[in-house]
Amino acid sequence: AYVECADIFIALVPYVLNEEKKWCNHSTWIARGWCRAELWFHMLAGKTDTSAIIIFSEKEAKFMLALEWLKNSVVSGDFTVEADRFVVAKLAERALKRKISKLKTSGPVNKYRFYVAHQSKMLGQHHHDYRLQA
Numbered sequence: 001a002y003v004e005c006a007d008i009f010i011a012l013v014p015y016v017l018n019e020e021k022k023w024c025n026h027s028t029w030i031a032r033g034w035c036r037a038e039l040w041f042h043m044l045a046g047k048t049d050t051s052a053i054i055i056f057s058e059k060e061a062k063f064m065l066a067l068e069w070l071k072n073s074v075v076s077g078d079f080t081v082e083a084d085r086f087v088v089a090k091l092a093e094r095a096l097k098r099k100i101s102k103l104k105t106s107g108p109v110n111k112y113r114f115y116v117a118h119q120s121k122m123l124g125q126h127h128h129d130y131r132l133q134a
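First residue of the sequence shown: 1, per our numbering; consecutive thereafter.
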């Protein structure tokens, strides 16, 4: 719900040592399942501007490229509690269906077609083979 209300998504991903003496950065952030989920829900939100800013340090930040988030499926993320994977997968599926439904009724049609064509891959599901029969 808070993701729908946010005007912008900002991820603070500096190179730091955590309490467990492990180094964390952008790579460890994007590998985490719940972090991916937050980004996904922002990108699938029902708004026109889904800008995401990644802040690496006090001197380095960048806008995330439009489709960069799709490289990281929520279901293939790292989860401390394995049961969370199923919860996040269901939430992502619901968010994606809502996005597709909105695009179907109000467009643009090219985005609607994109999400319909890629939904299985986005959700980590097996895709159907659509080859023509001879």
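Just so you know, these hints were derived from the structure itself, not from any lab. It is possible that part of the hints are untrue.
Taking lysine-lysine pairs in the DSS-like style, the calculated list, with each CA pair at most 27 Å apart, reads [stated by the list, open to error]:
#1 Lys97 x Lys111
#2 Lys47 x Lys62
#3 Lys62 x Lys99
#4 Lys47 x Lys22
#5 Lys111 x Lys99
#6 Lys111 x Lys121
#7 Lys90 x Lys104
#8 Lys111 x Lys47
#9 Lys121 x Lys90
#10 Lys99 x Lys59
#11 Lys71 x Lys111
#12 Lys71 x Lys59
#13 Lys21 x Lys47
#14 Lys47 x Lys121
#15 Lys21 x Lys104
#16 Lys59 x Lys21
#17 Lys47 x Lys102
#18 Lys62 x Lys90
#19 Lys71 x Lys90
#20 Lys71 x Lys104
#21 Lys99 x Lys121
#22 Lys104 x Lys62
#23 Lys71 x Lys47
#24 Lys71 x Lys99
#25 Lys102 x Lys90
#26 Lys111 x Lys59
#27 Lys97 x Lys59
#28 Lys111 x Lys90
Distance windows between CB atoms, simulated [what the hints assert, rightly or not]:
#29 Asn110 x Glu20: 18 to 24 Å
#30 Lys97 x Val16: 32 to 38 Å
#31 Ser120 x Glu20: 33 to 39 Å
#32 Pro14 x Asn72: 16 to 22 Å
#33 Asn18 x Lys47: 29 to 35 Å
Source: prediction; values computed, not measured. All C-beta atoms, glycine included, are put in the ideal place defined by N, C-alpha and C.
Item to complete: Return the numbers of the hints above that this structure violates; sort them in rising order.
Response: Of the numbered hints given earlier, those the structure breaks are 4, 10, 13, 15, 18, 22, 26, 27 and 29, listed in rising order.
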